[in-house]
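J.: Sequence:
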Amino acid sequence: MIIIDTSIWIEFLKQNPDYIAEMESLLENRKVIAIEPIFSELLYGSRSEKEKKSILAYWKILPKVKFSEGSFTDAADFANRYNFHNKGIGLIESIIYKASVENNYQVWTLDSKINNNLGNQLLYKSTMKDS
165 MIIIDTSIWI EFLKQNPDYI AEMESLLENR KVIAIEPIFS ELLYGSRSEK EKKSILAYWK
225 ILPKVKFSEG SFTDAADFAN RYNFHNKGIG LIESIIYKAS VENNYQVWTL DSKINNNLGN
285 QLLYKSTMKD S
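According to this note's numbering, the sequence shown is numbered sequentially starting from 165.
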């Protein structure tokens, strides 16, 4: 399964032609798993009712990363242990990173901090150029 980071969702939702075909393929082949912090960021940044409805429609149909009680505090502790704050990796990215590691999910992102710190086996290798 692949966690699609906020940066990729934004490009897809903006209908950037560089991302549409691959995202549609991943969605159609049920390769995408949703994670609440990313969808929270997307909703927070939505600027119209149409955007909000589109985001919520994907949230409704996609399988989701399940979090247990204490997951976010565990992610903060995990981030501190690996000195993420000195690498510019924030709490949301730490939650994504930890979920990826624990569940062996790949992450597709444009975020260089994640790309430079997450192990290669957990980074989704896009078939597109430049991503």
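No lab work stands behind these hints, which were simulated from the structure alone. Using N, Cα and C, we set each Cβ at its ideal position, and we do this for glycine too. It cannot be assumed that every hint is accurate.
What the hints assert, rightly or not - Under the rule of at most 20 Å between Cα atoms (straight-line distance), these lysine to any residue pairs were calculated in the SDA-like manner: (1) Lys214 <-> Phe203; (2) Lys289 <-> Lys214; (3) Lys228 <-> Lys277; (4) Lys228 <-> Asn180.
What the hints assert, rightly or not - If you anchor each label on the Cβ, the simulated ranges turn out as follows: (5) Lys195 <-> Ile174: 12 to 22 Å; (6) Asn267 <-> Ser204: 30 to 40 Å; (7) Asp241 <-> Glu213: 11 to 21 Å; (8) Ser204 <-> Gln179: 15 to 25 Å; (9) Asn284 <-> Lys214: 36 to 46 Å; (10) Leu286 <-> Asn244: 37 to 47 Å; (11) His249 <-> Gln179: 30 to 40 Å.
J.: Take the hints in turn and mark each one as holding or not.
T.: Now the hints, each set against the structure:
The hinted pair formed by Lys214 and Phe203 meets the criterion: a straight-line CA distance of about 15 Å does not exceed 20 Å. Note on Lys289 and Lys214: the hinted pairing is violated, with a Cα-Cα distance of about 30 Å set against a maximum of 20 Å. Between Lys228 and Lys277 the alpha-carbon distance is near 24 Å, which puts this suggested pair outside the 20 Å criterion. A C-alpha spacing of about 25 Å is found between Lys228 and Asn180, which places the hinted pair above 20 Å, so the restraint is violated.
As the Cβ distance of Lys195 to Ile174 is approximately 19 Å, the hint placing it in 12 to 22 Å holds. Roughly 19 Å separates the CB atoms of Asn267 and Ser204, a value that falls outside the hinted 30 to 40 Å. Remark: the range hint 11 to 21 Å for Asp241 to Glu213 is contradicted by a beta-carbon distance near 38 Å. In this structure, Ser204 and Gln179 meet the distance hint of 15 to 25 Å, their C-beta atoms being roughly 22 Å apart.
A hinted range of 36 to 46 Å for the beta carbons of Asn284 and Lys214 is consistent with their spacing of about 37 Å. Look at Leu286 against Asn244: about 20 Å separates their beta carbons, and that is not inside 37 to 47 Å. Take His249 and Gln179: their Cβ atoms lie about 35 Å apart, and the range 30 to 40 Å holds.
Hints 2, 3, 4, 6, 7, 10 from the list above are not met by this structure, while the remaining hints are.
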